Amino acid sequence: MTASPAPELGSLAGIAASVRAGERSARAVLAVSLDRVRELEGDLHCFNEVTVEAAEADADAVDRMVRAGLDPGPLAGVPVALKDNLCTVGIPTTCSSKILAGWLPPYDATVVSRLRDAGAVAIGKTNLDEFAMGSSTENSAFGPTRNPWDLGRVPGGSSGGSAAAVAAGMVPLAFGSDTGGSIRQPAALCGIVGVKPTYGVVSRYGLIAFASSLDQIGPFATTVADAALGLEVIAGHDPMDSTSLDRPAPSLLATLDEGVSGLRVGIVADFLSAGSECGDAVVAAAEALAAAGAKVDQVRIPELLLGLPAYYVIAPAEASSNLSRYDGVRYGLRVDGPDAETMNARTRGEGFGAEVKRRIMMGTYALSAGYYDAYYGQAQKARTLVIRAFEAAYRDFDVLLTPTTPSVAFPFGSKVDDPIEMYMCDLCSIPSSLAGHPAASVPFALSPEGLPIGVQVLAPALGEAVMMRVAASLEAAAPREARGPVTP
Amino acid sequence: MARLARLALDDDEVGRYAVQLSAILEHVDAVRRLDTADVPPTAHPFPVENVLRSDTERPSLDREVVLAQAPVAENDRFRVPRIMGEAP
Amino acid sequence: MTGYETVVGLEVHCELATATKLFCGCRNAFGDEPNTNVCPVCLGLPGSLPVVNRRAVELALRIGAALNCKAQRSIFHRKNYFYPDMPKDYQISQYDEPINVDGWLELPDGSRVGVERAHMEEDTGKTTHVGGGGRIHEAGYSLVDYNRAGVPLVEIVSRPDIRSAAQARAYVDELRSILVATGASDGRMEEGSLRVDANVSVRPAGATEYGTRCEVKNLNSLRSLERAIDYEVARQIELLEAGERVSQETRHWDEGDSSTHSMRSKEEANDYRYFPEPDLTPLVPDVALLTAAAEGVGAMPAERRHRLSNLLAAGSELATRRDGSTDQVVTVVDLGLDELVHGAVAAGADPRLALARAANEAAANPDAAKLLDPMAFAALLKMESSGQLSATQSKEVLAELMSKGGDPGQIARRLGYEQMDNASLGSMVDEVIAANPQEWRRYREGDDKVAQFLLGQVMKSSKGRANGKLVAEAFAFRRDA
Ligand SMILES: [Zn+2]
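Chains as they are written, first to last, in my numbering: chain H, 19 to 506; chain S, 11 to 98; chain W, 973 to 1453.
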């Protein structure tokens, strides 16, 4: 089956401008969004919770501000969806895990507050692989999300719900988290734009941790400009996050249309496996940039291939510690037992799904006495090697291009029994996660079976502006039918 | 490992995870075998230091809100079954 | 315990006197209603992140400096273990790169105990065991209060340089004085601000290898510390004498039956899986931190004791300890009244008298004593030295001076402590002699004991106003005349 183009909601800037001008009410914009959710949610399962009442109250507040002559902000009346690992006060936040079912956070994530302050209207919490561990959203305790391009295929993950909601035109903007590719990979598989910012550009306060030294929050949108605006709103220093960089939010929109003339673009040859449709798209993307005036060359960075194994030591290790707190004592699920120790173990045994338990065990092993140096210690050194290799490459290039994913969206169930095969999905996205660098996925082509293919733009730390410029040029060169929104 | 991670697993799970974990370990073996003499570890992407806050009080949460989330609460405290182990 | 040497190392956990917790803005207070000083961070709620309290770092550096440690670049690690009183099921602590290393502490007897490290970490919550007499294993269930979770701690680890229970006690006592003097902690053991674990071993006298050590926990007072070490030393010697071996383990001091018990848990040996805390950045003792740490910190107790001792007459018979200090010196320094003494002596007061009044009478109300004007204190002491006031009167005036303030001369007059003129003193002495002819005879025959009696009679009839020294002189004058 193939998807058909969906009605456009209009650009974020357009929505916000009309709401700010009082031409359209936030409530009316919300109604369009909620209608679309009602129409498609049954097929797609993007959301763990659609918060209609809270959204209506927020929209009304925006409209009241407009009537009072106040400016609700740059996202006035824009409906947004939030990955269900971002804390929202009084609204269930589950990480798609049984262990957190029913938990009501007493606080908002910094990103959530910033969106509200910018006038955005959150319509609900989107599905994910449990605790953001996965690449297909099949690991959700509440059932998978489907890809709007083909309901028989995965939307990618872990932020599959957010990606599918944008790709299906339910919301023009959504947010996810990216630890090893969890924004970029589903963006690519759903034919939309997804951005992972430089580590520290967006506050992690209120993002339920998977791997603390890698996690970053970023936007999904159908266009580069919308993603840029979404990122501008949530970026900037936060005193609640010690790893938040103490510098102003990057200005992205101002330079978005400056083109790529004179920029040095490197194609990472190590990720162009012969004959793959995703690799072909990268070559075509590079040609398009060359035509727009960029200097394009191939570059070999074999150290980046260390990224995947290093990641699958570091991320589970940090996760094993981050997920210890789900012990049945203070919140969430409790499965009782005769003593506290048994209660803890039963709660965790029943509350966590298979992939989460697998990674907790892997991480516990990598940190345990006698293995720390061989695994965690070595992986941290491999991380240094990846960073050094990037540093060397960025002496010759302003940005690098790779496929976002090795393949297009795959059918449900095709990789669930083979963890390694599933982990390979993140091959191209992991290196910049380890380095803390920004990366964006832009829809660039369609596969022969009509599935979207993403191209990944990598830039050095804090290189968001140039990265988004390149992304905008790619977008201009890409066929319109390669990107959402679509109707399944 | 499951005990250290405090996970109750059935025999079936133990068997499955043992196979999968050894496959994963094999996959990450490239890292273990890496020659990293003179390579410093990276714990953090950016070398930021002394991120500190001032010693000023901020409002705490309402106890009712906090305890409302507890699986079991009693006497304004979180209740747990008896504890067998000692704190280190 | 002849034939064996005691070897003790102490781990002292000290709660820092900050306004807020180590990683969040919740109040750091003892005794508040349970679970009222909690927030997403110190409850370990999903998504929350720690941010280090600057003041806690300054106080940790201050403790390090007072213990002659080297301050260094440090990082936080996660110490992973499951326990209901620990909200994240890992403790943020410092591991192989602590903030302070390689110091020492000098005890009042002049001995020095090495300090291996003084590192920062967060405290845990408090667990109450319900049923089973409050004992953990017999309890029906437990209740947890997280007010204390996240309170900043500095753990001070001594080297195994301590050789007796008494020295261990002196070490903790001295450490407590330092912590209080620097303002780093309130040092209250009874409230758990100061908690001590002891690593105890014995070895044959003259041996260079250490024996197997046991860690003794639950030492809630200096007294239990001393008793537990004595018990543990005796237990270990008994084992060795019987040809058995001491096994390395953690033991629990039970105040009730005055013995230590093995705390074998059903868990295997813990594997804490330490790794660098990714949510925090390294600490570097830069100029700003070191300056703030040193700000307002005066001399340490050892130095202050030296200064006070030097003030006393050289070669004083009071100087019984090696560093020349006395119990009075220790008390005065401990209570922070040494500046008062120095001030009074500078204003002309007798050093010995100033020290005695500070260590005894002023010490009864140290808070008020600290507010005393050294000039007024000196004026009072001079009135006493010159015989203008009796010791009893002087103490009364001092009490009044501390509670209400004012001028000692005026207070003395208001209390009716007018100096008695020689004539009325003389007639009072003559009346006592007339009323007690037998005692007077014995006095003249050289019976010293009866002198006290006669003196007492005069004091009684003068209602304490007479100056004892002058009365004694009056009796002697009449005897020798
Ligand atoms: Zn708190």
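Keep in mind that the hints were calculated from the coordinates and are not lab data. A hint or two may mislead.
Some residues of chain W that are not near chain H, with every Cβ distance over 10 Å (derived) [unchecked claim]: (1) Pro1012; (2) Pro1056; (3) Lys1060; (4) Phe1247; (5) Glu1372.
Here chain H is said to cover these stretches of chain S; the calculated rule only asks that three of the stretch's residues, wherever they fall, bring their Cβ under 8 Å from a Cβ of chain H [unchecked claim]: (6) 40-53; (7) 58-70; (8) 75-87.
All figures in this text were calculated on a predicted structure; none of them were measured in a lab. In this text, a Cβ means the ideal position worked out from N, Cα and C, and glycines have one as well.
Taking the numbered hints from earlier one at a time, note which ones the structure violates and give those numbers from smallest to largest.
The structure conflicts with hints 1, 2, 3, 4, although it agrees with all the remaining ones.
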